[in-house]
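Asker: Based on the provided sequences and hints, a complete structural model is requested.
If you read the sequences in order, they're chains A and B. Per this note's numbering, the very first residue in the first sequence carries number 1417; after that it's consecutive. Per this note's numbering, the very first residue in the second sequence carries number 716; after that it's consecutive.
Treat the hints loosely; a few may be bogus.
To be verified - Covered stretches of chain A (chain B as the covering partner; in silico rule of three or more C-beta atoms under 8 Å from a C-beta of chain B): (1) 1439 to 1448; (2) 1457 to 1469; (3) 1478 to 1490; (4) 1493 to 1505; (5) 1512 to 1522.
Honestly, the hints are just simulated from the structure, not real lab data. From the three backbone atoms N, C-alpha and C, an ideal C-beta is built for every residue, glycine too.
Spelled out from the first residue to the last, the chains are:
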Amino acid sequence: MAGQQQTAHDPFVIAGEEFGSRLIMGTGGAPSLDVIDAALAASGTALCTVAMRRLDPSTTGSILDVIDRRGVRVLPNTAGCRTAREAVRTAEVAREALETDWVKLEVVADERTLLPDPVELLDAAQTLVGLGFTVLPYTNDDPVLARRLQQAGCAAVMPLGSPIGTGLGIANPHNIELIVSEARGPVILDAGIGTASDAALAMELGCDGVLLASAVTRAQDPARMAAAMAAAVTAGRLARLAGRIPRRSHAQASSPIEGMAVL
Amino acid sequence: MTITLNGESCELDDDITLVAFIESRTGTTRGSAVVVDDEVVPRGSWPDYRLRDGQRVELITAVQGG
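Answerer: Structure representation (structure tokens):
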């Protein structure tokens, strides 16, 4: 019910497109298409990412068949790209392959950290916006870089909670709040989510959505974790809208102080 | 004729169109794209685009990914 309420009264809009779920699913890391199929269904997602790679003739079945069957919109990424040039080229390939000008822009600096390379990322974002792409950049939790990406015309910014695949959660909540506080468009927490409470925290901090992959696809029970993430995103969003109580240093009774009986 | 497909030598019928080539490899044109000699070939050009001997072709498709 909460999820339906959220859809009816609190639309999630990216670049003028409305989505029925604030949970965006990455499809990487799942051991089989059946596993990702069950996870997508349980997540209730309306948008999921794919990567672009050379055709492997030994593969049977396509992730696109699963995505199409679930009625989920596809968002190609530029995973693995190290330079702006590579990322722009990959986005152009994805546009022809998938007939979408939406792209999750990833330009990482090195294999060990998979952290975004800010210089290449901004360069690629500016170029792709100029070419008419709807650009959703995976970025550092850096409020200044997030601002620059939005100034460049990105449709959303997607700061990391912590490095890809670490499951370390949101390492710098203060920075995420800063990014949210001055955002011109959607902020989507992307990467580092380990479990449901991390996703709920992202939403409580004011993020508009959460993008995650490994936390679900590498969980012991991916479909069950997908359901947990969906509930967490909804709960976190409701808590954000409801407005949490301020933190206090000392206790404050909720029962009346007046009228205590003398016993 | 011989092209280089994804880094490996590959024999093809002469004058094959990109549409026919992609469908012969993937069974569909959905989800795939081609880069020929470093140029991304727009989907709209595939029916008329004929591969030539010696070209380097990258055939790329969507896979699972974050």
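Asker: Now tell me, hint by hint, if it's right for this structure.
Answerer: To see whether the hints hold, each was checked on the structure:
1. Note: the region 1439 to 1448 of chain A has 5 residues with beta-carbon separation from chain B under 8 Å; the three-residue rule is met and the coverage holds.
2. Residue count for the region 1457 to 1469 of chain A with a Cβ under 8 Å from a Cβ of chain B: 5. That meets the three needed, and the coverage hint holds.
3. Residue count for the region 1478 to 1490 of chain A with a Cβ under 8 Å from a Cβ of chain B: 4. That meets the three needed, and the coverage hint holds.
4. By the rule of at least three residues with a Cβ nearer than 8 Å to a Cβ of chain B, the coverage given for the region 1493 to 1505 of chain A holds, with 3 such residues.
5. Beta-carbon proximity to chain B at under 8 Å applies to 4 residues in the region 1512 to 1522 of chain A; the threshold of 3 is reached and the given coverage holds.
Every hint from the earlier list agrees with this structure, and none is contradicted.
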